[in-house]
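Asker: Single-letter residue listing:
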Amino acid sequence: MIRKLLKAFTPPLLYSLLHKMITAEVGYHGNYTSWEEALKNSTGFDNPAILKKVRESALLVKEGKAVFERDSVLFDKIQYTWPVIACLQHIAIASSNLCVLDFGGSLGTTYFQSRRFLQQVPLKWFVVEQPHYVDCGIKEFADDQLRFAYSIEEVITREKINCLLVSGTLQCLEKPVQWIESILHFDNILIDRTSFIEGEERLMIETVPEQIYRASFPCWFFNEDEFIKHFTTTHELITVFDSADESTVSSDFEKMYWKGFFFKKKILPA
Amino acid sequence: MPPLISDYVRKLRVNTNEYKGDYKNWGDVMGISTSFQENAIFEKVKWAATQVKEGKAAYERDSVLFNKIIYTWPVLACLQNAALTNQQLHVIDFGGSLGTSYFQNRLFLQKIPSLKWFIVEQKHYVDCGKKEFEDGQLQFEYSIDNVLEKEKVNCLLVSGSIQYFENPFEWFDKFIAYNFNHIIFDRISFIDGTTRLTQQVVPEHIYPASFPCWFFNEEEFINAFTKTHMLVADFNSADESVLSSDNKKLYWKGFYFRKNDGV
Numbered sequence: 274m275i276r277k278l279l280k281a282f283t284p285p286l287l288y289s290l291l292h293k294m295i296t297a298e299v300g301y302h303g304n305y306t307s308w309e310e311a312l313k314n315s316t317g318f319d320n321p322a323i324l325k326k327v328r329e330s331a332l333l334v335k336e337g338k339a340v341f342e343r344d345s346v347l348f349d350k351i352q353y354t355w356p357v358i359a360c361l362q363h364i365a366i367a368s369s370n371l372c373v374l375d376f377g378g379s380l381g382t383t384y385f386q387s388r389r390f391l392q393q394v395p396l397k398w399f400v401v402e403q404p405h406y407v408d409c410g411i412k413e414f415a416d417d418q419l420r421f422a423y424s425i426e427e428v429i430t431r432e433k434i435n436c437l438l439v440s441g442t443l444q445c446l447e448k449p450v451q452w453i454e455s456i457l458h459f460d461n462i463l464i465d466r467t468s469f470i471e472g473e474e475r476l477m478i479e480t481v482p483e484q485i486y487r488a489s490f491p492c493w494f495f496n497e498d499e500f501i502k503h504f505t506t507t508h509e510l511i512t513v514f515d516s517a518d519e520s521t522v523s524s525d526f527e528k529m530y531w532k533g534f535f536f537k538k539k540i541l542p543a
Numbered sequence: 017m018p019p020l021i022s023d024y025v026r027k028l029r030v031n032t033n034e035y036k037g038d039y040k041n042w043g044d045v046m047g048i049s050t051s052f053q054e055n056a057i058f059e060k061v062k063w064a065a066t067q068v069k070e071g072k073a074a075y076e077r078d079s080v081l082f083n084k085i086i087y088t089w090p091v092l093a094c095l096q097n098a099a100l101t102n103q104q105l106h107v108i109d110f111g112g113s114l115g116t117s118y119f120q121n122r123l124f125l126q127k128i129p130s131l132k133w134f135i136v137e138q139k140h141y142v143d144c145g146k147k148e149f150e151d152g153q154l155q156f157e158y159s160i161d162n163v164l165e166k167e168k169v170n171c172l173l174v175s176g177s178i179q180y181f182e183n184p185f186e187w188f189d190k191f192i193a194y195n196f197n198h199i200i201f202d203r204i205s206f207i208d209g210t211t212r213l214t215q216q217v218v219p220e221h222i223y224p225a226s227f228p229c230w231f232f233n234e235e236e237f238i239n240a241f242t243k244t245h246m247l248v249a250d251f252n253s254a255d256e257s258v259l260s261s262d263n264k265k266l267y268w269k270g271f272y273f274r275k276n277d278g279v
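Protein sequences, first through last, are from chains S and R. Residue numbers for the first sequence follow our numbering, so the first one is 274 and each next one is one higher. Residue numbers for the second sequence follow our numbering, so the first one is 17 and each next one is one higher.
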């Protein structure tokens, strides 16, 4: 109640600052000049405790004991990501099948979230993840449709992928631009939950609340115009959409927000 | 600016619709309203739809123009799902104006093997639609029966229209009797409490008008369809929720029902 009142009567910028002071441990902070420095100041991505928590939640979803999980948090009904489902179905309609490479797709969060809408489609869904996720995925989650692989190359040598999906992952890569340049050969690129900042790109540290799992890691906030330009030489931007995550404000008052994009490869004149 | 104040300013600026009263019968509200027949409304809608058709604007809704398409992602996803299930999308857009949803979604629907979009509307909309807006995919008809006489339809879309009918529950029964495989609702008005009939007053900057508007009880609404159809998904519509004068929450939602036999 006090929090609600405070929020209602306080200008958002000030509230955001107050909120940060109260919950200094959680959220996004810093402006790091190098990945190494940011990594040194965080617990990192490969903390086995994260996988343990994610696995427990994902198993409940797989076994039908829970409806949906994201970042290991369980929900009592599926939180559909409608733009992602619409773009996936668009590809499925155009190609008569859907073969997704879900880069950083955890233990199948988006697959389990979307599969009700993809039942009518010949579907293969490959998650490429960190080795300990893939080990666990192969052992406990893989089935006829959902597979796990250690690298993009491993998948594309045996399957014709018609959609690269990257949800909430790009900002966690050490060299995101270099990585983007390496994936421009895909016809359809669907990006969701990517973090942006008004102003210049910056490297921060994200601290995940303890009730989710105790962890912190480096996180890029991109400049949106610059980000889009990395794709538009080879791809057409079909649509842009807001991601579910709420926007917030950095300690120096820059707006931080999350968005999604659907890029389709340009057909170059012969 | 504190949110309470900015909310208030935004409401002043947007000047949203008002929903007044709790009426016992349709005639009482009609007696004090301008109704939908108003020619000025139609002319404004027609002008806006023409701008979209001619590519001078990207999108219109309720005659308000936008310079980029505002996708209604859940509706698009549900339409695509109907198309994937039946390998075609033959949709009746009940109360679909001069093609708002068609023009909004057509970029994403072009690859569907067979796309036909039938708008069932009031007579003067259909007259105008037939003359000025029809193309190979978009057609206009005076009734659902007229469409079904010539075409097999697998999807019914009802976006923001059924609450403006005198007997919506009779229409729900009709929708079920037509046996559509897929029924998609969007922008349907609900109230926390029992179903209520109000008078909607539209802000002048959109078009000066007032007319009766139902607010349904959500559970009662869903129950009208779940004997024959399964509820695949529900979603919040873009319209923001407001409070009635007696502090009941008024809100707008969408639903996707699919026929129980799974086709």
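These are computed hints drawn from the structure, not numbers from a lab. The reader is advised that the hints may include incorrect statements.
[Unchecked claim] Derived Cβ-Cβ restraints for the label pairs, each shown as a range:
| # | chain 1 | residue 1 | chain 2 | residue 2 | range |
| --- | --- | --- | --- | --- | --- |
| 1 | S | S455 | R | F181 | 43 to 49 Å |
| 2 | R | Y194 | S | R389 | 21 to 27 Å |
| 3 | R | L81 | S | S307 | 56 to 62 Å |
| 4 | S | E473 | R | D277 | 30 to 36 Å |
| 5 | R | S261 | S | K412 | 44 to 50 Å |
| 6 | S | R388 | R | D189 | 39 to 45 Å |
| 7 | R | A254 | S | D498 | 25 to 31 Å |
| 8 | R | D277 | S | D416 | 24 to 30 Å |
| 9 | S | K539 | R | N239 | 20 to 26 Å |
| 10 | S | L541 | R | D189 | 52 to 58 Å |
| 11 | S | K412 | R | T211 | 37 to 43 Å |
| 12 | R | P129 | S | S455 | 32 to 38 Å |
| 13 | S | L457 | R | D151 | 54 to 60 Å |
| 14 | S | Q403 | R | A254 | 18 to 24 Å |
Quick reminder that beta carbons are idealized off the backbone N, C-alpha and C, glycines included.
Asker: Does each hint fit the structure? Answer for all of them.
Answerer: Hint check:
Checked against the hint of 43 to 49 Å, the C-beta distance between S:S455 and R:F181 comes to roughly 56 Å, which is inconsistent with it. For R:Y194 and S:R389, the hinted distance range of 21 to 27 Å is satisfied, since their beta carbons lie about 25 Å from each other. Between R:L81 and S:S307 the CB atoms are about 48 Å apart, so this pair departs from the stated range of 56 to 62 Å. Range check, S:E473 to R:D277: Cβ separation about 57 Å, and the 30 to 36 Å hint is violated.
The supplied range of 44 to 50 Å is broken by R:S261 and S:K412, whose beta-carbon atoms lie about 59 Å from each other. Evaluation of the 39 to 45 Å hint for S:R388 and R:D189 yields a failure: the beta carbon distance comes to about 33 Å. For the pair R:A254 and S:D498, the beta carbons lie near 26 Å from each other, so the given range of 25 to 31 Å is met. Separation of R:D277 from S:D416 is about 26 Å and conforms to the stated range, judged on CB atoms against 24 to 30 Å.
A C-beta distance of roughly 49 Å is found between S:K539 and R:N239, which places it outside the suggested range of 20 to 26 Å. Between S:L541 and R:D189 the C-beta distance comes to about 55 Å, which sits within the given range of 52 to 58 Å. Checked against the given bound of 37 to 43 Å, the beta carbons of S:K412 and R:T211, roughly 52 Å apart, lie outside it. Taking the beta carbon of each, R:P129 and S:S455 are about 35 Å apart, inside 32 to 38 Å as hinted.
About 36 Å separates the C-beta atoms of S:L457 and R:D151, a value inconsistent with the hinted range of 54 to 60 Å. Distance hint check: the CB atoms of S:Q403 and R:A254 are about 38 Å apart, inconsistent with the given range 18 to 24 Å.
When the structure is compared with the earlier hints, violations turn up for hints 1, 3, 4, 5, 6, 9, 11, 13, 14 and for no others.
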